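Student: Starting from the known structure of chain A, fit chains B, C and D onto it as the hints suggest.
4 protein chains.
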Amino acid sequence: MKTPEEYVESLKRLNPTVYIRGKLVNSVPDEPLLRPGINAISLTYDYALRTEYKDIMIATSHITGKEVNRLLHINTNRDDLLKKLEMTRLLCRTTGCAQRYLTHDALNAIYETTDRIDEEFKTEYHLRFLDYLEYVQNEDLTACVAMTDAKGNRSKRPHEQQDPDLYLRIVEKQEQGIVLRGVKAIVTGAPYTHEIIVLPTRAMTENDKEYAVSFAVPIDAKGIEMVSRQAGRPEDSGAELTSRYGQATAMILFDDVFVPWERVFLAGEWQFAGSLTEAFATHHRLSCIGCRAGLGDMLIGASSLMAEANGLDPMKVGHIREKISELIKFTESFYACGVASSVFGKETPAGNFSPEPVYANIGKLLQGLHIYDMFKIAHETSGGILVTSPYPEDMQVPSVKDRLSRYLKGREDIPADHRLKIARLLEDITASYQGGWYSVISIHGGGSPEAERMEIMRKYDLDERKSLVEKITGIRQIP
Amino acid sequence: MKTPEEYVESLKRLNPTVYIRGKLVNSVPDEPLLRPGINAISLTYDYALRTEYKDIMIATSHITGKEVNRLLHINTNRDDLLKKLEMTRLLCRTTGCAQRYLTHDALNAIYETTDRIDEEFKTEYHLRFLDYLEYVQNEDLTACVAMTDAKGNRSKRPHEQQDPDLYLRIVEKQEQGIVLRGVKAIVTGAPYTHEIIVLPTRAMTENDKEYAVSFAVPIDAKGIEMVSRQAGRPEDSGAELTSRYGQATAMILFDDVFVPWERVFLAGEWQFAGSLTEAFATHHRLSCIGCRAGLGDMLIGASSLMAEANGLDPMKVGHIREKISELIKFTESFYACGVASSVFGKETPAGNFSPEPVYANIGKLLQGLHIYDMFKIAHETSGGILVTSPYPEDMQVPSVKDRLSRYLKGREDIPADHRLKIARLLEDITASYQGGWYSVISIHGGGSPEAERMEIMRKYDLDERKSLVEKITGIRQIP
Amino acid sequence: MKTPEEYVESLKRLNPTVYIRGKLVNSVPDEPLLRPGINAISLTYDYALRTEYKDIMIATSHITGKEVNRLLHINTNRDDLLKKLEMTRLLCRTTGCAQRYLTHDALNAIYETTDRIDEEFKTEYHLRFLDYLEYVQNEDLTACVAMTDAKGNRSKRPHEQQDPDLYLRIVEKQEQGIVLRGVKAIVTGAPYTHEIIVLPTRAMTENDKEYAVSFAVPIDAKGIEMVSRQAGRPEDSGAELTSRYGQATAMILFDDVFVPWERVFLAGEWQFAGSLTEAFATHHRLSCIGCRAGLGDMLIGASSLMAEANGLDPMKVGHIREKISELIKFTESFYACGVASSVFGKETPAGNFSPEPVYANIGKLLQGLHIYDMFKIAHETSGGILVTSPYPEDMQVPSVKDRLSRYLKGREDIPADHRLKIARLLEDITASYQGGWYSVISIHGGGSPEAERMEIMRKYDLDERKSLVEKITGIRQIP
Amino acid sequence: MKTPEEYVESLKRLNPTVYIRGKLVNSVPDEPLLRPGINAISLTYDYALRTEYKDIMIATSHITGKEVNRLLHINTNRDDLLKKLEMTRLLCRTTGCAQRYLTHDALNAIYETTDRIDEEFKTEYHLRFLDYLEYVQNEDLTACVAMTDAKGNRSKRPHEQQDPDLYLRIVEKQEQGIVLRGVKAIVTGAPYTHEIIVLPTRAMTENDKEYAVSFAVPIDAKGIEMVSRQAGRPEDSGAELTSRYGQATAMILFDDVFVPWERVFLAGEWQFAGSLTEAFATHHRLSCIGCRAGLGDMLIGASSLMAEANGLDPMKVGHIREKISELIKFTESFYACGVASSVFGKETPAGNFSPEPVYANIGKLLQGLHIYDMFKIAHETSGGILVTSPYPEDMQVPSVKDRLSRYLKGREDIPADHRLKIARLLEDITASYQGGWYSVISIHGGGSPEAERMEIMRKYDLDERKSLVEKITGIRQIP
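Residue numbers (numbering that gives the first Met the number 0), protein chains in the order written: chain A, 0 to 478; chain B, 0 to 478; chain C, 0 to 478; chain D, 0 to 478.
Here chain A stands alone, though its shape is the one from the complex:
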């Protein structure tokens, strides 16, 4: 397995085309605007080497028998699901979002879906994928997941769009591979990964056939260009967390990109576009739950420390206690859905384990809806200082710095500087660009609430509950 340094080193050997703020990036690992993103992924390499996290970060590959980073592991039992959940919480409570679990979720989704496609169409996607999987595990790579298409007019299907390239599509099938054109619109962490794994973004009809495509491609393959946002707030003094750890999202443009067949996992079998989307979503929603529970941990800790720094004991002051208990309630109730989803996970015909989908969707739905309530509570318990504290530079102005320190003290035995750092952390994660990002990504990343509600209804055994009521009332309703 790679060390964090080797991961960064390996990025230097790649040469992706990345634009940020109108400029072409010379070297991704040297670009300050991307550094927080690289740091966040580095942590996934770092923790895997630490003995205290071995149980949670390391798994034994069921294809090679070697130890691999759990983020590249195919879940082979329910305990793997539970550990994946715990791992994402562990990684994200330090980084805000460790991003690399996307690789895990895509690998598992392709693993189980290619098996189904081969079963149905006698294709060989699954075998090809096993080779790719082994490569990724052996090289200890990170792949970004390119799923979200541009989508154009949301009320139309891919083939109905005026512009045919608004969903990424196969423009040509060749003997050696396929040629792709179009765009993937929101790809987390893209610039500082090794590989792009492409997945379809929705269920398709026969007319959408050319859009039913999945494959993997190196980040610097010919014809690929990215337009990226910065990761975190590297230029903002006072960004307590996100000057160090952050997440970039990029648009990836595909300009007639060639992908050889051995890296293609779906190419026209439109019947399975939805299955693959859904398989990924199910794995990924469990990851989102763990990730946001990590953010919840930060909010719980910071709100408690802030209340203390203000002189209000969270265990004793009634309204503070109630609010902190609400933060815990929100965080642990969506996390509990992740636990139930793991515990009731199911083996697929391919032999891997997939989270129970109803609980995965409910947990994801809850974290998306309640992140706003959690921010509200963090703000309510902390006070206006969150967005009004002096900038770090002001605390250095000789003529005022002593008075600022005096006046910004809350509880007598806690230095003003501590109080400010907690306030700035809370501002950083709830009331800055990054705070906005966390909330939007909580609600839309991994699927919108509307998508989750649909999925809940599709997967829940409503008939069983209807039968129960029919039994109680002695009726037999026509379905």
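Calculated from the structure, these hints are not laboratory results. Quick caveat: nothing in here was measured; it's all calculated off a predicted structure. Glycine is no exception: its CB is placed at the ideal position from the N, C-alpha and C atoms. One or more of the hints may lead you astray.
Pairwise CB distance ranges, derived in the manner of DEER restraints [unchecked claim]:
{"id": "1", "chain 1": "D", "residue 1": "D254", "chain 2": "A", "residue 2": "R153", "range": "53 to 63 angstroms"}
{"id": "2", "chain 1": "D", "residue 1": "K121", "chain 2": "B", "residue 2": "R475", "range": "35 to 45 angstroms"}
{"id": "3", "chain 1": "D", "residue 1": "G473", "chain 2": "C", "residue 2": "E411", "range": "18 to 28 angstroms"}
{"id": "4", "chain 1": "B", "residue 1": "N206", "chain 2": "D", "residue 2": "R475", "range": "30 to 40 angstroms"}
{"id": "5", "chain 1": "C", "residue 1": "E159", "chain 2": "B", "residue 2": "S404", "range": "18 to 28 angstroms"}
Below, a list of computed lysine to aspartate or glutamate pairs in the DMTMM-like style, where the Cα atoms sit at most 25 angstroms apart [as the list claims (entries may be wrong)]:
{"id": "6", "chain 1": "A", "residue 1": "K208", "chain 2": "A", "residue 2": "D254"}
{"id": "7", "chain 1": "D", "residue 1": "K221", "chain 2": "D", "residue 2": "E133"}
{"id": "8", "chain 1": "B", "residue 1": "K400", "chain 2": "C", "residue 2": "D162"}
{"id": "9", "chain 1": "C", "residue 1": "K315", "chain 2": "D", "residue 2": "E463"}
{"id": "10", "chain 1": "C", "residue 1": "K470", "chain 2": "D", "residue 2": "E411"}
{"id": "11", "chain 1": "D", "residue 1": "K315", "chain 2": "C", "residue 2": "D162"}
{"id": "12", "chain 1": "A", "residue 1": "K470", "chain 2": "B", "residue 2": "E205"}
{"id": "13", "chain 1": "D", "residue 1": "K400", "chain 2": "A", "residue 2": "D254"}
{"id": "14", "chain 1": "A", "residue 1": "K470", "chain 2": "B", "residue 2": "D235"}
Tutor: Below, chains B, C and D alone, put in the same frame as chain A:
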């Protein structure tokens, strides 16, 4: 194990003093106002004998090695906790509330707490209790749990009350046993059980010593009188569920009741009053979660059937779909907390397993708070017919019955009678006295939201989250 | 104006066909099951004669210049709207729901809509209606409003239903009048009113023409039969409020009922069915707001008294204070929407004033959604006693009554009997059949939340807000 | 009245000491980091000169009889209150927050409170204040309001703090005036106003006497230094609103600042510190309601346009329609509380009109709590593009710009650029630093939810509701 008939028979051999609506009950098993309660408990005997429920309803006693009803079982591993949770859901989705899980929760709480008391004070409560436990298991009994004291002025402790008997207390310790006086104010199912298990209702101080008491006593012991509410709505035509299944609560008056030492499990060790209360609450809150999930199942099923009967397909009509998915979200998210509480349950020094308390409390808190939202959704999806449908008797009036049947039809292929029955079931469980009872009991039974929030704060590892934030910000805050 | 006694007397001169619980009612004013409903309407006659309520209860008819009960008044300015709002709060805070405001809302709706129909079709509905209005005002009558049709399959329009009579319809137009067949499914207060005012329940298409009908008919006209629910809980001891005041709803069957033209206000002009429905809804939603604010007043008062009786001062105990303040927040925020709706009310071409519809709909929506939160708070602040207190009959049992009184005391200086009465009132209005009725009627009476959301969207000036944003961003979006 | 240009010009004649980001500001009107704040206040001068806003922006001074900007007007009737409310909505829907209403609220609060102090203590504060008021009106000035003290340990009163200067205090009373030391921690708009009006931040006890102080002082008085945050996001391309309009908050340090008696409005009369705080809060909470309704207008408009640009018609797509109607519900329901507060406003003994406090507090509470729900809805309806759209600079990169424009189009007839601008506006106001600021300031600006709940309980006529219930139940509870 007893058959349902043997359970009813056994009640005939007891002779408790019970008043309902101002009258003394001659024979509990023959009292129509209590019949729905007896039926609900009968089901726990019935299901235990059915092969399809064996795995969930039957356990092997760790003290006798015999098969026992799981409701009388001491949990010996995490799987027992999970099965207990599933069992309560199973029993309550048919009866509304099966009540007998209270016996289970009290047995487990006394089991683990007497062990702690003996360890601390070299007493012999635990051994005594084991005998009692064996008796209860062998006879396949049902015990009600008498916990809630009258409490008087809620801003005062037991010993501070003007009237010394507002919390049940030991008025005399004799060589053979103790003498009790006072009242337990809200005892579910009391009239139709075999035994009363008494538990303290809160933590005590040294001054409250005489109130720190726990014991078991037969329901018809000398000096015990009960004033009971009716169980369900046995006299209401149209009570689709609760004319058959219901729950009574009773006040139990203790008028210098003698209890021999072998049935006493706490008598003055005030240091453990809170522990015992809390141990019971932890087990019981898990039961409440399962129970209310069963009610949730009914609401989900009935709301779906009602929408269909109205001609609105719950999978296709957007606003109905959204609401049913909300019902599922509420039900399964608090149930997931029960699952997490079971999965993370812990072994006590006594060797039994206790639910993880934070998740148990969050799950209980959620079901209490959201029962109201669930009723709202059931009402919103179903329409005004819930409280305006003609009475069953009206459907028999010759001059109008045909027209009523014509006009009360919704979807063409569903008989009006089916639609009415579902409407009446929903009225019964959400908009009748019993519906009110479910909501109040959801919020207060097993502890109020305030109590649960306190417990969440006491049990959550807040320090760990504070350390996390101290690490992120590089500060070290004084505690 | 009539005295309450004259109102009851006048009911005796009518002879409607009413069934309750399978029996034909001999005399409505003598039927115990309807008495609480009669009492509630009596109060509207009573208060109109009291000098302290003159300003709010009495208005000067703009057609006759005589003083009339405001409940029969056509609003001629904004102040009339505000006073109507205040009047409904006043009447409903004592009775739970005074019902007779429905008459007011229907009169106003027909007043303004007939004027529009005549303008469009050169008909004479408005003039006819003025005569009817004068008659109602002079005789000081009460009319029930029959609006809600049976509706059958909710996904189909009236003319699409398999059974043509699922919406009330004109089966024949004769020279002297029209003949009606079908049913109105939920008519509040019907048995104990003088007149039935029929309104269409929705917008219609040309094919639904025969269903576009509005008229007034005496309650005992030939061919009319009613199947009624009881009003309140007249037979329940312990029904603190609703043994005295209640509301019945009835299904009204129309079996080829003849109505002369002078009492017909719409007969086939389908273009105005929606307008009339909507006009009524707008007036009525304002009434619902006032009515539920009255229920809110009871809940606020009773929850505060209950907390006190429990020994918890609502001003000092943090979590109680927070909850009572939430009750106030809910009640007064939807009431404020009623105030805004009144203050921004608009004059119609007919010259009367109609509430501003967006605020009326938002207020109605809020009261329907939040009634459940309000019940939750009432339960949370009061405790389990709400559904577990001994029945009044038990408090009379000689052998236990003294102990019950001792044990049911909370704060030392408040008699147990007071505490019980407040608990029973809260049970009565939140946790009994009547409590269920209040919640369902709050959400569905006067239109469902879904209907209100549609209306909000139709009436809100969304374009104005879009223009604002176009101005800010400098774009001009194509509509 | 000043033109916007004259307002900016007038700032040049002042010379305040202001630090931002560690640097001393040379000239406030030339400082780019403050420009958006200046622009927002300029708009209040601009609109006052426009004929279309005359009715709402201009009032006739009751002291001079001259026309004045309504923001400097003393409310002399209820209509003034309603117009003030409408004015804040108008100004803030364009600027996000126009800030200058703070001047209005402070002037009104001091007006009515000095009258009470003089009445009680025979002082002359009111007369002095009238002179100051005339000066402010005649010069058409803007004053910032310095209220929030540093507060130190929140569980202690001013005089109990270890450091005596954590609340601003009078260190010396001299013949000509008073000398002040300490800090005001959060002062909105401070650097670009003419005057500082100081108010106490809470009720005081006799021991806190020296902290009971109110006065006005020019912004560049000797001994005053400010540490300010930037206003808006002037340096961020893509800040659609806040590169132009924004708000700065500053800490103001008072280093033995002398204030002559004619500008002192409270100096030691601790009995009135709370009254003055509360009087300001009442006026100001009404302003907050209007201000946030303006933000609501932007959110409603932008969310609707965004949905359209995505190809989803807000009137037709069910879940979008529901969400937009929720945005309207939140915005207009708190605004309705502002309307009710105005309509039920009361005349003070000084002759001005003050908003009805219960409605003002409920409205303010609602906008603070629901701003988070509103952001959630804006995010939910708009999609991930809010935080992932390419930067404006990227849209200029020659090699990719055409493809970006193609791919970022939603509905075919709406240019990508329009869609991006709306997305960026929503990011700007909900998911950037400024979005965080809006949410925190909504919840804490003008008082925390906790403070508002306390005030609601203090001002609500709870006794009246208790009497109602006593009447219904026939009890008479001891208070």
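Student: It remains to establish, for every hint, whether it holds in the given structure.
Tutor: Structure-based check of all given hints:
no. : hint                                 : verdict
1   : D:D254 to A:R153: 53 to 63 angstroms : holds (59 angstroms)
2   : D:K121 to B:R475: 35 to 45 angstroms : violated (55 angstroms)
3   : D:G473 to C:E411: 18 to 28 angstroms : holds (21 angstroms)
4   : B:N206 to D:R475: 30 to 40 angstroms : holds (35 angstroms)
5   : C:E159 to B:S404: 18 to 28 angstroms : holds (21 angstroms)
6   : A:K208 to A:D254                     : holds (19 angstroms)
7   : D:K221 to D:E133                     : holds (24 angstroms)
8   : B:K400 to C:D162                     : holds (16 angstroms)
9   : C:K315 to D:E463                     : holds (19 angstroms)
10  : C:K470 to D:E411                     : holds (22 angstroms)
11  : D:K315 to C:D162                     : violated (30 angstroms)
12  : A:K470 to B:E205                     : violated (54 angstroms)
13  : D:K400 to A:D254                     : holds (14 angstroms)
14  : A:K470 to B:D235                     : holds (20 angstroms)
In summary, the numbered hints that this structure violates are 2, 11 and 12.
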